[in-house]
Amino acid sequence: MLLLTCPHCGVTAEETEFAPGGEAHLKRFGPGSDDDAFEAYMFNRKNPMGVHFERWRHAYGCGKWFIAARCTVTLEVFGTYPAQTTEPPAGIVETIKAKRPEWEGYK
Amino acid sequence: MSRRLASGGRLIDRARPLKFTFNDQHMSGFAGDTLASAMLGRGQVLAGRSFKYHRPRGVVASGAEEPNALVGLGKGERFEPNQRTTTTELFDGLSATSQNHWPSLEFDLLAANNLVPQFLTAGFYYKTFLRPRAFWKHVYEPIIRRSAGLGRAPDAESRDPDRYELVYGFADVLVIGGGVAGLQAALAAGRAGARVMLWEQTAHWGGRAPVDGVEIDGQPADSWIKSAVEALEGMENVSLRLRCMGAGVHDHGYVLGNERVADHLPGASGPRQRLWRVRADRVITATGAIERPLSFAGNDLPGVMLASAVRDYVVNWAVSPGRTVVVTNNDDAYRTAIALKEAGEDVPVIADARDEATGALPQKARDLGIRIMTGTGVQKVKGGKTVTGVALCRIDSDGSTHTEVLDCDAVAMSGGWSPVVHLWSHCGGKLIWDDAQAFFRPDPDRPPLGHDGAGFVACAGAASGALGAGDGLADAHAAGAAAARDTGATGDAGHPARAEAPEEAPLRQVWIMPARAGYALRMKMWLDFQNDVKVSDVQLAAREGYHSVEHTKRYTTLGMATDQGKLSNINGLAVLSDALDQPIPATGTTTFRPPYTPITLGAISGEAKGDLFQPLRRTPMHDWHAANGVHWEPVGQWRRPFAYLRAGEDVHQSVNREVLNARSNIGLLDASTLGKILVSGPDAGRFLDMLYTNMMSTLRPGKCRYGLMCNENGFLMDDGVVARLDEQSFLVHTTSGGADHIHGWMEDWLQCEWWDWKVHTVNLTEQFAQIAVVGPKARALLERLGGMDLSREALPFMGWAEGTLGGVRARVFRISFSGELSFEVAVPAAQGRAFWDMLLHQGRDLGVMPYGTEALHILRAEKGFIMIGDETDGTVIPQDLNLNWAISKKKDDFLGKRGMERVAMTDPDRWKLVGLETLDGSVLPHGALAVVEGVNANGQAQTEGRVTSSYYSATLGRGIAMALVRRGPDRMGEVLRFAGAHDARIEARIVDPVLHDKDGEKLHG
Amino acid sequence: MKRYSAFAIFREALRQHQGWTEAWPSPEPRDRYDVVIVGAGGHGLATAYYLGKNHGITNVAVIDKGWLGGGNTGRNTTIIRSNYLQDPSAAIYEKSRSLYETLSQDLNYNIMFSPRGVMMLAQTEHEKRGYLRTERANALQGVDTRFIGPAEVKKLVPIINLDGPRYPVLGALWQARAGTARHDAVAWGYARACSAMGMHVIEQCAVTGVESAGGQVTAVNTTRGTIGCGKLGIVVAGHSGKLADMAGFRLPVESVALQALVSEPIKPCIDVVVMANTVHGYMSQSDKGEMVIGGGADGYNNYTQRGSWHHIEETVRALCETFPMISRLKMLRQWGGIVDMTGDRSPIISKTPLEGCFINCGWGTGGFKAIPGSGWAMAELMAKGNAPLADAFSMYRFREGRFIDESVAAGVAH
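Chains as they are written, first to last, in UniProt numbering: chain A, 1 to 107; chain B, 1 to 1005; chain C, 1 to 414.
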C-alpha cells in the first residue's frame, strides 16, 4: 500500500486515492510514424528492476496527473512532479543519482 | 494428570467460576482462564487430533504459537473452526468441540494412518495413487480430502450474525507487543512527545516478565507493569489497546491490526472484531520470542509441552500438568522446574543436554532439591493418549539404550528461544543467524524500507534478540527513543528501567535428541505437530533433492499448518542443514507472510456486505422504478431497469409490451446514467477532433452530432451524441458505463499530452436527470407540458434547444436511438423525479409507458444501431461496423488513426457488420458462430462470422440479429449456417442491419 | 530413475527409505548444450521435457537463478481450465488441459490433477452474454463447456449465495473437466522426468549475459560460467524484460504483483472452482482443506512479490458476499507473485530478433494452467521453427495489430 504525495495539491495519501497510469515520458507517435516507432510507443516498456518513472492520477483528490519516480524493487519514492513535462526535473534526477549511484540515468 | 492447584494463579479470579462445555461435557473454569488453562485445570489433556496421522494431540504452548489444541467454537451461525484454546478467553457458556476425528476424539478410526507411518512418509502421495487414472478423482482424492481439513465447515447457509469494523489510525510510532519491552519502548517514545500507539495481542500487559520472576526497578515485574501502564494512560499522545494483534506490516508503514473486541463477550453489542489500518511513521515490534520444542522420540504425545508454557500454566492459571520431567539445553527452562517445585509439584529430574549446568538458575534448582542430569536427553517418551513416562539416555549416544526410565505425567521441553521476526520480515527486513544464541534475529542494518527509503521498522527486546530482561529493556528504550526522534519528537525520552535477572549460561545447540539417533527414533521425532512432519521426513526430503528450504517445506508440509511453523521452522531447517551438511544460515528461512496469526475473513470485509457491499448509484427516478415492478440490471455501480413487470407478466412479455408501446404510443426511458461531460474552452473543438474519429469542431451551436471514440489501437471504445452549446462549449454524451472512464481519458490527454491546450472538462453526469421520450406521440406529450416550441421546424432532427417545459428548466435534444420520433430531455437532477411524474401523469391517455434497457436494446437493433459492448468487444474498429462515414478523412490525426493503419486492421477479410434473418424466423443464440467446412491447424472448426446481438422483435414478430461476418456487406442475401446447441445448424440470410422503417419515415414524426 | 509406485514405497519402507535418490540431481554445468532453457519454472521445464519426449533433443540444460519452481509456478491458485474465447487461446489451453489429464502417469509423479470442474459466474446481463458467446465458441473449438442456470450452480456449489443484493447469480459458464493440480508437483515432476532423460537441471545459476555471433545466439554467461548453446529459450516470466535486454530486444511486457491467500483448512465444503469476475474474486478448496483465494492485480510495476492490501480486502469482500459461510473462517496466509502482462494480456511464444533465441512469457495471471501446452508448443517451435499452437502468439503481433483479446471471457485475473 504505497504512500504518494500529489505535487499539485500537496496531499500525501494512500495509494487507493490515486490511479496508476503506466510508464511516463512516452513520446506519442501518430499518423506518419513508422511501425517500429509506433510499436515502441504503444507496447514496449522499460519495465525496469529499479528506478521507474510512472504516471499517477490523483483520481479521488484534485484529479491531476503527476509523475512519480519510484523504485520497483524497494518501492522507495524518490519524488513526484507534475505531468506537464517531457523529462524528469533535474532535482529529481540528482536525488536519484545520490541514492542510487549505479543508476544508468533516465534515458 | 493435569489439575488446578489449590492456590495461586495471577490471572484467574476464583470468585468468578465460569461454565463451559467441551464435546458436550460440562466443565468449569475461572474468569481469567483461557480455554486451554480451563481444560487442563479440569484434567482434559487430550484436545484434538493431528492432520495426517490423526494422532492424539494436547496443548503444547500457552499462546499464539499453539499448533495442537484447536477446537470448533460456538454453535449455529456463530460456529468457528480451528480456534486456538490457548488464545481463547473463557466465557460463561462457551461451547467447544474437538476436531479431525471419526467417530470420536478418544477413539479415532482414522488413526489407522498412524499404524503405517513408515509408508506415509513425506511426499508419499506424489509417488503413488497413480493408477488407475480415474481413481484419483473418484477414490483417492475424496478420501484424502475427508481425512484432512481439520475443523468442520460452517453450515452452507449460515450467515455470520456479527458485525466487523474497519478503522483507520495514524501514529508517529506504533509499538506492537505489550510486554515489558513494548511498554518500555512506548514510554520512551511517549515521553519524547511522539504520537504513540501500543498494541498487545493478549488481554494482559507485561508479557512473560511476571511469570519469569523478573524484578524491574527494584519491584516485582507486576507492579512495574502496572505503573508503566498508568504512566502511558496518562499521556495524551499515547493510546493503548489490548487484544489487538499486529497482523501485518505492509509497504510504506501500513500496518494491520486485528482487535478482538468481543470474542470473549459473544452477542455483546458493537463489533465483534475491528481491523485497524494504521499508517505509522515508525513501527517497533516488541513481539518477544517463542520457545522451541526439542526433537526427541514421542515429543508429540499429549503432556509434552514447552517449558515456558508449563510455567505459564502454573504461575498464571494455577494449573499443573502433574509430575513433570524437564528436558532442556539452556538455563531458562530451570525456571519451570523451580516454579513447579515452588507450587508443590514433583519434578523428578531435569535432563540437561549440556555437559554442565552451573549457573544461578541450575543452582537454585539444586538448592530446591531437584535432581539434575547433565549430558542427558530423552530417548523416548512413553504413553498412548497421554504421557506416562520417559526414558532418558546419553545425549551423544545413538539412543539404542536408555540410562533410566521415569514415570511422569508431563514433559517440559526447551530447545532455546527464537525471536518473533515475522512483522520485521513481512516487508523485506533481513535476518542474521546468531550462532551463540542459536536463532535468527533481525539485522538492524537491513530493515524494511519506507517510502522515503529509510528503515521504518525496529525491533525491541526479545524480538531483536535481547532475550534477557535487562538487555531487553535497554534495547527497547533505545528503539523507542530513536523512533520518536526519527519522527521529529524532541522531548526527553527519559531512562530505561533496570531489570534484575539471573545471568544465564549459553545454551547448547541441540537439534535432535540424542545426537546420533537411529531411524526408528527419528521417525518418531515430530517437528510439525499439526501436520505430522518428523525429522525423518525432512531428512528424506533432503535425500530426494528437495534442498531448498522452500522445497523441503512444500514437499513435507513443514510449517504449513495453522501456526505457520512458529514452533517447527527453526528446528526443521536445522535438521535440513544438517542433512545437507551446510551451516544453518546457508539454508535460510522460508518467507514470513502476513498475517502473524490468522484473521477472520469477516473482519477483513468489515461492513461491506449486503446492501453496503459496494456503493450504489441511484438516478433521481430510482425509487419510482423500485416501486413499479422493476427488474433491475446492474450496470457498473448503477442499477438500471431491465424491464418493468406488470401483474401476470414474465420478463419477456414485459419487454415485448414495452417495445410495442414505444413504437405505437410513447415510451419513457430513464437515460440519466448516460455520461454527460462538458468540454469547454478556446481549444475545445480542436480537442474533440482529436478524441473523436469524426469532425466535431465544425458542429454548429444548437446542433448535435453522433461520434465515435477509439483508443490508440484504433479499437472502438465509446460512442454518443455531442451537442455544441456555444462557440466554446460542447456537451459530450457517453455510454453509461463509459462516463468516468471517458472523463479520465480526456483529462489524461489534456494534462499529459496537450497541456498547452485551453480546455476545461467537467463530468456533469449526476447533475442532470435525462429522460428519453420516444414514440409517435412524443411531441404531443411534450407540447402538453408547454413552454417550448418543439415543432419539426423549430427543433429539427439532430438539433437541441433550451427552455422551460412544464415549469422545469430543460434542455431538449432531438435525437433518436430507436428510430422513433424522440426527444431526450435533460432537467436538473433535483427535479428529475417531478418531471418524470409529470410526463407519466400528462401522458396517461396517450399511452405513456416506461421501458427498460432490454426494450432499448431491441428498439435500436431493429434499426441496426450498434451498441458498445455488444457489437464491440475491444477488438472491433469502426470500419468493421461500416461506420467509415464517421471517420474523418480530412483530419491529419485523431486518437486511433495510426493504430487503424496496421496491416491487420486493413485486411479486407475482416468480419463486418450485417443484419441476419433466420430462415425459420427463430431467434439465433447469442454469440452463435457461422461455420464453414473444415478445421484449422489446431483442429478447431472454421468460422466466418458471429452473432453480436440477437432478439425477438415484437415489432416484426420474428427473431432479428446483427452479426460480424467475413466480408459481410459484400455477401448480402447469402445464407450462413450458424452453430446452435449440440450439432444443430441454424440457417440465416445476410440482410441489411436496418430492419424496421428503412426509410426513416417515423423518425421525424 | 527409480519408478514411483505403491510397491516402491512398500519396498523402501522396509529399508527405512534409504534407497530413494534425488528426484533431480544437481550437476555442474557442461561447456555446451544443444539447447539451454533459462528459467526452471513449469513452462521452462515443460519445454525441456517435450523437447526430449517429442523431438528427441535431450542435450538440454534448464538453468535457474534460484530454486526450481520458485516463481509463479509455486505461488498461484492452481486453476486449470480452457474455456477461453479466442481460437488460439482455446487451442493451447485445451491442449494443456488434456495433457494435464495424463500428466501424473506420463511423468510417473502424482501431480494430483483434480478435474473437479470450474465455473465462472455470470452476475450481469453483459457478463452472461459474454459467457454465452464463449460457450458457443468453445463448442466449435472442442472445449466442453456449458452455460448453466442458477439452480444448477446452487446444486454444484451448495455454499453459494445466489441472491446477493447487488449481483444476483444469473448462471455460470461451467467446464466440468477443468480443475486444479498440485502446483509444486508439476515443476518437480517435470524436473525429475527431464533429469531421467539425461538433461541437466541447474539451480542457483543466474544468467548475466547473452552472447551472439552474426545475429545468432551462441552462449549465455552465468554466475557459474559461460554455457554455450545451439538454441536458447527464455522462459522467465516476470524477469523476461531483463533477459530480453541482455539478448538485445525489447518486449511488450510489464511486471506487476498479483496476490492470493489461503484460509485455515476445514473439511470439504466446496468441490468445484468458482470464479466471480464481476466482483473480482475466485475460490476453490485445496485437498488440504484450505480455501484458495485470488483476486485482482496491482496496476503498477512491481518486483517485490508483495501487493497492496486493498486488493485482499476487495477480494475477501467479494467472496464473503458470494459465499457468506466463509465469514468466520480465517485468513492463514497471503502472498504475491510477479506476473508479466503483455499489451493484449495474452502470452508470447515466439522467435525473437536474435536467431536461435526464443521467448515464452506474458502468461500474466493465468500461466499455471498452460504449463504443459506451453511447453509442448515452445518445444515444437524451438525444434522445428514453427508450431501451430504457438503461431498466433508471436511477439510481432502487436505491431501488426493482431491481438488475442480475452477480456470478454475473463474480466480479471485467471
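Hints are supplied without guarantee of correctness; some may be wrong.
Unchecked claim - Calculated lysine-lysine pairs in the BS3-like style (CA-CA distance at most 25 Å, straight line):
| # | chain 1 | residue 1 | chain 2 | residue 2 |
| --- | --- | --- | --- | --- |
| 1 | A | Lys46 | C | Lys351 |
| 2 | C | Lys155 | B | Lys137 |
| 3 | A | Lys99 | C | Lys242 |
| 4 | B | Lys430 | B | Lys777 |
| 5 | C | Lys351 | C | Lys53 |
| 6 | A | Lys107 | C | Lys242 |
| 7 | A | Lys99 | B | Lys430 |
| 8 | A | Lys64 | B | Lys758 |
| 9 | A | Lys46 | C | Lys267 |
| 10 | B | Lys758 | A | Lys27 |
| 11 | C | Lys267 | B | Lys75 |
Hints listed in this document are in silico derivations from the structure and should not be mistaken for laboratory results.
Keep in mind it's a predicted model, so treat the numbers as computed, not measured.
Here is how each hint holds up against the structure:
no.	hint	result
1	Lys46/A to Lys351/C	holds, 20 Å
2	Lys155/C to Lys137/B	holds, 19 Å
3	Lys99/A to Lys242/C	holds, 22 Å
4	Lys430/B to Lys777/B	violated, 76 Å
5	Lys351/C to Lys53/C	holds, 21 Å
6	Lys107/A to Lys242/C	holds, 16 Å
7	Lys99/A to Lys430/B	holds, 20 Å
8	Lys64/A to Lys758/B	holds, 15 Å
9	Lys46/A to Lys267/C	violated, 47 Å
10	Lys758/B to Lys27/A	holds, 21 Å
11	Lys267/C to Lys75/B	holds, 17 Å
Hints 4, 9 from the earlier list are contradicted by this structure; the remaining hints agree with it.
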